[in-house]
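Novice: These are the residues of each chain, in order.
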Amino acid sequence: MTTPQEKTTTTAADRKKKLYDVSFYHDWCKACGICMAFCPREIILADRAGKPEITDPDRCVGCRFCELHCPDFAITVSERTPRRRRNDV
Amino acid sequence: MVIPAQTLRHTFLRHNKKFPHVWCPGCGNGIIMAALLRAIYRLDVSKDDIVLASGIGCSGRMPTYLDFNTLHTTHGRALTFATGVKLARPSLNVVAIMGDGDATAIGGNHFIHAARRNLNLTAIIINNSIYGMTGGQYSPTTPFGARSTTSVYGHIEHDFSIAELAVTAGASFVARATVYHAELMDRLIEQAIRKRGFAVVEVISNCHVQYGRRNNLGGAVEMIRRFKEQAVHVDRAEKMSAEELRGKITIGVLTDRELPISTEEYKKVRERARAARGGKV
Chain B
0 MTTPQEKTTT TAADRKKKLY DVSFYHDWCK ACGICMAFCP REIILADRAG
50 KPEITDPDRC VGCRFCELHC PDFAITVSER TPRRRRNDV
Chain G
0 MVIPAQTLRH TFLRHNKKFP HVWCPGCGNG IIMAALLRAI YRLDVSKDDI
50 VLASGIGCSG RMPTYLDFNT LHTTHGRALT FATGVKLARP SLNVVAIMGD
100 GDATAIGGNH FIHAARRNLN LTAIIINNSI YGMTGGQYSP TTPFGARSTT
150 SVYGHIEHDF SIAELAVTAG ASFVARATVY HAELMDRLIE QAIRKRGFAV
200 VEVISNCHVQ YGRRNNLGGA VEMIRRFKEQ AVHVDRAEKM SAEELRGKIT
250 IGVLTDRELP ISTEEYKKVR ERARAARGGK V
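First to last, the protein sequences are chains B and G.
Residue numbers for the first sequence, in numbering that gives the first Met the number 0: 0 to 88.
Residue numbers for the second sequence, in numbering that gives the first Met the number 0: 0 to 280.
The hints are simulated quantities; they were obtained by calculation from the structure and are not laboratory data.
Just so you know, not all the hints are guaranteed correct.
To give an idea of the interface, some chain B residues facing chain G are shown, with a C-beta separation under 10 Å as derived from the structure [unchecked claim]: (1) Ser22; (2) Ala30; (3) Cys31; (4) Phe64; (5) Pro70; (6) Ser77.
Note that beta-carbon positions come from the ideal geometry of N, C-alpha and C, so glycine has one too.
Extracted from the complex, chain B is given alone in its bound form:
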């Protein structure tokens, strides 16, 4: 028998880490820098034009702060789905 309290103490290894993809719509982005400044993992970095890019998307925790605070509707965070062959077309 496990009590509810024991159930909540799962280790990180027990849970499968969820992965996220962050897509930036650069045509609408004005490079205000809000997403870069407030990202808790500090993985959103500026490219040469000052617009955001992510080099290591596996570190994203999916908090969606950047998506919620983008004034220009230019960021979408989505859970990563397995790659399928039709994506390669």
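Given chain B's structure and the hints, the job is docking chain G onto it.
Specialist: Relative to chain B, chain G alone:
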């Protein structure tokens, strides 16, 4: 519930308008627009049943980008047009979007009396402490001592709180949020639209171009970070003294009360008058 920005873009924006929108990089208006759209998405009502009215100013541009029934009206008169729509078609959800100068200076009387009348409307007031679009003149919410183009050596008048004015004027629902608290903001806007009665949501926003630059408050990021530090939730603010609350922004639901609604009372008056005339119209 997670609502992706992509869904909002595809469902609610007018794609014949020029995007990206006209606001400066990092302007809080965009964050507020997204929060409003998430709230409307959660309400799950038809786009035809929503009316947005706005006045003049940066905030006035908001309905022009959105695919609802929209009114872009004269300065300070967003609430008067909204009142007219609500009286003519009480079944519609009417939301008035105003700036701080629009709502409390030019449309100050309309705002007080719409709250007193308690029509079933929602007012979203974007408070950025300045007239941004017209060139950075001081507004009724510019703090004492702040610099603007019309108070170059410091502002000599005192500001007042829009939310507290709405509470005193008799609004049914009054809430406050900042642009940093985007999730809280969309919950509050949803609650406000669902609320039967006059509902006010004051959103503290950043104008780093006209206000922040003149007062050494930094850019958009620094201003939004300051909102995070200044914000105190209502539940915590109750336990704090007035001295501790100086310079803080109280966020959350400030008032939520049931009051008679103007449109329903008007219906009752019509029935009473009809009965007094013996059923004849």
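Novice: Closer than 10 Å between Cβ atoms is the bar; does B:Ser22 clear it against chain G? Give me holds or violated.
Specialist: OK, holds: B:Ser22 within 10 Å of chain G, min 8 Å.
Novice: Against chain G, is B:Pro70 within 10 Å by beta-carbon distance?
Specialist: holds, 3 Å
Novice: Once the shortest beta carbon distance from B:Ser77 to chain G is found, is it less than 10 Å?
Specialist: Check passed: Cβ of B:Ser77 comes within 7 Å of chain G, closer than 10 Å.
Novice: Was the hint right that B:Ala30 lines chain G, CB cutoff 10 Å?
Specialist: It holds, given that the least Cβ distance between B:Ala30 and chain G is near 6 Å, below 10 Å.
Novice: Does B:Phe64 meet its interface restraint, that is, does its C-beta lie within less than 10 Å of any C-beta in chain G?
Specialist: holds, 8 Å
Novice: For the hint on B:Cys31, does the least C-beta distance to chain G fall short of 10 Å?
Specialist: Constraint on B:Cys31 satisfied, holds at 3 Å.
When the structure is compared with the earlier hints, no violation turns up for any of them.
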